[in-house]
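There are 2 protein chains.
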Amino acid sequence: MSVEEEILEVNRRFYQALSDLDLEAMTGVWLEEPWVRCVHPGWPMLSGWDDVMESWNRIFDNTAKHQVSPDNVSVRLFGEMAWVLCRERIAASSSAGSLVSFAQGTNLFLTTASGWRLVLHHASVLPVEGSPEPAPTVH
Amino acid sequence: MSVEEEILEVNRRFYQALSDLDLEAMTGVWLEEPWVRCVHPGWPMLSGWDDVMESWNRIFDNTAKHQVSPDNVSVRLFGEMAWVLCRERIAASSSAGSLVSFAQGTNLFLTTASGWRLVLHHASVLPVEGSPEPAPTVH
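Chains as they are written, first to last, in this note's numbering: chain P, 1 to 139; chain L, 140 to 278.
Simulated from the structure, these hints should not be mistaken for lab results. Fair warning: this is a prediction, and the values are worked out from it, not measured in the lab. Note that the Cβ used here is the ideal one computed from N, Cα and C, for glycine as well. Just so you know, not all the hints are guaranteed correct.
[Stated by the list, open to error] If you anchor each label on the Cβ, the simulated ranges turn out as follows:
1) L/Glu163 x P/Asp20: 45 to 51 Å
2) P/Pro34 x L/Glu148: 24 to 30 Å
3) L/Thr166 x P/Ala96: 45 to 51 Å
4) L/Glu163 x P/Val3: 34 to 40 Å
5) P/Ser69 x L/Asn201: 30 to 36 Å
6) L/Glu148 x P/Ala96: 48 to 54 Å
7) L/Ser234 x P/Pro34: 22 to 28 Å
8) P/Ser69 x L/Val142: 37 to 43 Å
9) P/Glu54 x L/Gly187: 36 to 42 Å
10) P/Gln67 x L/Glu148: 40 to 46 Å
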């Protein structure tokens with residue numbers, strides 16, 4: 001397995017844990033450090049293992065059923081660090097029906113004694129497919 | 140000047156170029172490679188120097204006057220790569236008045252023969268200060 005494949009495998013485990021609402025699996029993906037960072041779509045940045053895991057716990061508690069699938073995945077190595085960039089397809093289903101939305105994900109992985117671990121996740125809301133192109137501004 | 144100070148100086152030049160709507164200064168901050176990436180708030184990911192610069196050009200053409208100031212800035216080194224994380228305070232003014240909004244920025248810099256260069260910028264919309272906390276979901 002190449003280094004890139006190892007990193008993509010951890011990235012797959014991240015989205016599988018998210019889809020399964022599995023906090024233990026999510027815990028195993030992240031590096032347990034006070035400096036890891038996480039930005040959920042529309043949220044301010046969370047700092048540190050404790051706050052990041054608490055946020056996943058709250059999200060999992062408030063999500064009945066969903067499937068988060070990465071597509072357009074790319075990986076790039078920079079020595080001890082690597083990025084995985086992907087679009088996240090989020091399919092949520094309930095008794096009221098199903099809803100598909102998209103987010104753009106930036107995931108940073110660091111190589112450690114116990115393998116590649118997630119140290120930063122930044123996801124942002126994407127426009128619904130087929131909607132007009134966003135106005136060209138930064139705000 | 141420490142390595143961290145060098146990186147923060149390039150980060151400051153990025154936000155100054157953005158505030159000044161200065162495409163030449165913006166150009167000098169980025170690494171000119173086909174694999175650099177940029178996500179403007181609410182936009183899909185742009186790939187490669189050409190598309191990224193074209194997007195700044197369009198943004199600058201469509202922005203009359205604004206000031207983008209980073210706060211809560213943190214920097215962390217990972218060998219040849221570094222991240223700078225910050226909140227972006229965007230103050231736009233026009234004849235109709237002024238508007239302040241916020242975004243969360245993740246900036247990745249790579250060390251090169253010509254200094255530290257921006258290789259990824261991911262910015263996402265933040266809730267207006269004082270607005271209710273976002274619902275704890277990923278979508």
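For each hint, the structure was consulted:
1. For L/Glu163 paired with P/Asp20, a C-beta distance near 49 Å keeps the hint of 45 to 51 Å intact.
2. Range check, P/Pro34 to L/Glu148: about 26 Å between beta-carbon atoms, so the 24 to 30 Å window is met.
3. Between L/Thr166 and P/Ala96 the Cβ separation comes to about 49 Å, which falls inside the hinted range of 45 to 51 Å.
4. Distance hint check for L/Glu163 and P/Val3: the Cβ-Cβ separation is about 37 Å, which falls inside the suggested range of 34 to 40 Å.
5. At about 34 Å, the CB distance of P/Ser69 to L/Asn201 agrees with the hint of 30 to 36 Å.
6. Checking the proposed 48 to 54 Å range against L/Glu148 and P/Ala96 shows it holds: the Cβ atoms sit about 52 Å from each other.
7. Distance hint for L/Ser234 and P/Pro34: a CB-CB separation of about 47 Å, inconsistent with the stated range 22 to 28 Å.
8. Distance hint for P/Ser69 and L/Val142: a CB-CB separation of about 38 Å, consistent with the stated range 37 to 43 Å.
9. For P/Glu54 and L/Gly187, the Cβ-Cβ distance of about 37 Å falls inside the hinted range of 36 to 42 Å, so the restraint holds.
10. For P/Gln67 and L/Glu148, the hinted distance range of 40 to 46 Å is satisfied, since their beta carbons lie about 44 Å from each other.
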